[in-house]
Amino acid sequence: MMDTATLFGLCAAALVGLGLYAFIVNPQPLRKIIAFNVIGSGVFVLVGAVAYRGGAAGWGGDPVPQALLITGLVVAFCASALAIALLQRLAREAESVTLASDAPAAPPATPE
Amino acid sequence: MNLADLFTVAAVCAGAFFFLAGSVGLLRFPDALTRLHALTKADNLGLGLVVLGLLPRVDGVLGGLKLVVIWLLALLASAAASQLIARAVKRSEPGA
Amino acid sequence: MSEALNAGLALFVLALAAWMVVARDTFAAVVGFVAYGLLLTLVWVQLHGVDVALTEGAIGGGLTGAMLVAAAARLRRTEAAARAERPGWPTRAAAALLAGGVTAALAVAVLALPVPAPSLAPETAANMGATGVGNPITGVLLAFRAVDTLLETTVVLLALIGVWSLAPDRVWGGRPGPRHRADPNETLAYLARVLPPIGLVVGVYIFWVGADLPGGKFQGASIIAAMWLLAVMAGLSDAPPISRGWLRLALVGGPLVFIAIGAAGVATAGAFLAYPDGLAKLLIKAIEWALLPSLALTLALILAGVPERPAR
Numbered sequence: 112m113m114d115t116a117t118l119f120g121l122c123a124a125a126l127v128g129l130g131l132y133a134f135i136v137n138p139q140p141l142r143k144i145i146a147f148n149v150i151g152s153g154v155f156v157l158v159g160a161v162a163y164r165g166g167a168a169g170w171g172g173d174p175v176p177q178a179l180l181i182t183g184l185v186v187a188f189c190a191s192a193l194a195i196a197l198l199q200r201l202a203r204e205a206e207s208v209t210l211a212s213d214a215p216a217a218p219p220a221t222p223e
Numbered sequence: 087m088n089l090a091d092l093f094t095v096a097a098v099c100a101g102a103f104f105f106l107a108g109s110v111g112l113l114r115f116p117d118a119l120t121r122l123h124a125l126t127k128a129d130n131l132g133l134g135l136v137v138l139g140l141l142p143r144v145d146g147v148l149g150g151l152k153l154v155v156i157w158l159l160a161l162l163a164s165a166a167a168s169q170l171i172a173r174a175v176k177r178s179e180p181g182a
Numbered sequence: 583m584s585e586a587l588n589a590g591l592a593l594f595v596l597a598l599a600a601w602m603v604v605a606r607d608t609f610a611a612v613v614g615f616v617a618y619g620l621l622l623t624l625v626w627v628q629l630h631g632v633d634v635a636l637t638e639g640a641i642g643g644g645l646t647g648a649m650l651v652a653a654a655a656r657l658r659r660t661e662a663a664a665r666a667e668r669p670g671w672p673t674r675a676a677a678a679l680l681a682g683g684v685t686a687a688l689a690v691a692v693l694a695l696p697v698p699a700p701s702l703a704p705e706t707a708a709n710m711g712a713t714g715v716g717n718p719i720t721g722v723l724l725a726f727r728a729v730d731t732l733l734e735t736t737v738v739l740l741a742l743i744g745v746w747s748l749a750p751d752r753v754w755g756g757r758p759g760p761r762h763r764a765d766p767n768e769t770l771a772y773l774a775r776v777l778p779p780i781g782l783v784v785g786v787y788i789f790w791v792g793a794d795l796p797g798g799k800f801q802g803a804s805i806i807a808a809m810w811l812l813a814v815m816a817g818l819s820d821a822p823p824i825s826r827g828w829l830r831l832a833l834v835g836g837p838l839v840f841i842a843i844g845a846a847g848v849a850t851a852g853a854f855l856a857y858p859d860g861l862a863k864l865l866i867k868a869i870e871w872a873l874l875p876s877l878a879l880t881l882a883l884i885l886a887g888v889p890e891r892p893a894r
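Protein sequence lines, in the order shown, are assigned to chains A, B and C.
Add 111 to a position in the first sequence, counting from 1, and you land on the number used in this note's numbering.
Add 86 to a position in the second sequence, counting from 1, and you land on the number used in this note's numbering.
Add 582 to a position in the third sequence, counting from 1, and you land on the number used in this note's numbering.
For reference, chain A alone in the conformation it holds in the complex (with noise of 0.2 Å):
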């Protein structure tokens, strides 16, 4: 049997497959924040696991890495905070959020 620091580092190659393939292949804009945030959290669980087996003097888990952790989740939900509020200024302005580049042009937004 695995030990628990390969299984969730497997685990987590998986999870950035998965969310790099989601990133590439779904087209709403949406998809492609919830994709970014699965390979993030890939990654933050690969680093939780080189964490893991760092673990020495008391403690289950080596806290540098881990407290690395705290600050890139936070950074990371303020990059997909950043990005919905994007997405939802570009839908007011075109009715549409479209990333296809040969999409038909918007149209002209109403003088406000």
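Any given hint could be a false lead.
Stated by the list, open to error - Quick list of in silico lysine-lysine cross-link-like pairs, DSSO-like style, CA-CA up to 30 Å:
#1 B:K152 with B:K127
#2 B:K152 with C:K863
#3 C:K867 with B:K152
These aren't lab readings, by the way, just hints derived from the structure by calculation.
With chain A's structure known, arrange chains B and C on it following the hints.
What follows is chains B and C alone, placed relative to chain A:
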């Protein structure tokens, strides 16, 4: 295995059974309102039994109080959430 | 036994992630993401990162999930058109190949991790005494890597400025989000009256124990922010116009105290963000107390979103 352990095993198993029943209800019941019924009844009772089963194992009164507070908060949240979902269902399909 | 549980947990996480990829409806994928966040908290507990688990539950699953739910509901009418742009099979095959390659490379790296594992835990343990706090994560965040934490709070603030700057000119300085109105006798209003006092106590408690046990300011601030958002959503309170002076001051107050204490370290201890001997715990607590309200307000306003209504 002493009496407290026996109690824990029995209560947690009963709680797990209610979780299972609730999940089966969630998957098998025909519409949103009956699914809510399955979830709230079974999960609240399930979580309550799990908490009850874990109470003899905590060290100190504070830990036990925390467990009970978690159960009460879950009760409050699930009751309010199912009310809101039921209202949304009613609004979206006036016939229901 | 616990190995089997771990394997089941990992499979469950992977299945949910796969489901998020293939789900047709974006809203369903969002709901999947919230459940995924909750499962990840269990993964963090199994990886002995209880602090990370709390952050994942509060921010990764909680706040990000709430934000995604709101966005999915608002973007629903664009859904059908965007779905039609699904790429053809050559792109999908290439994407699968790329994703498989990345996974394989990462898996090889995981299997080849060095033994014994490099660790900074012994050095952290040896120096924890200097910080005066008992939770190693708090020690690392506010003493050994305090510059990271300062930059992190700055990033949160910058994200808020970025969100605000997307406001149309006409409502610049106005109130974020729609004005929620709910029946004062309705369940949501009841919940918004009962829960915030409890949530405030829980949030401050999680912040308070962060010095010695798992917990901390980001987790506590997320809970407090969620309580305020609940009151806003129930129509009991309204988001303030973003042009208010007190609001701006409250937002930058925490980071400014952090920078001031850091700058004082240059004079008293010889380096930016160095603490004089014996005062470390006091200064760390001062920084945390200053950061908590600023962070709670910043997180709440990020979730409240882009200003949409004039201040009047």
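Within 30 Å, alpha carbon to alpha carbon, are K152 of chain B and K863 of chain C?
-> 27 Å, holds
Is K152 of chain B within 30 Å of K127 of chain B, Cα to Cα?
-> Answer holds: K152 of chain B to K127 of chain B is near 22 Å, not above 30 Å.
Taken at face value, is the distance from the CA of K152 of chain B to the CA of K867 of chain C at most 30 Å?
-> Satisfied, since the Cα-Cα distance of roughly 25 Å is no more than 30 Å.
In this structure, none of the earlier numbered hints is contradicted; all agree with it.
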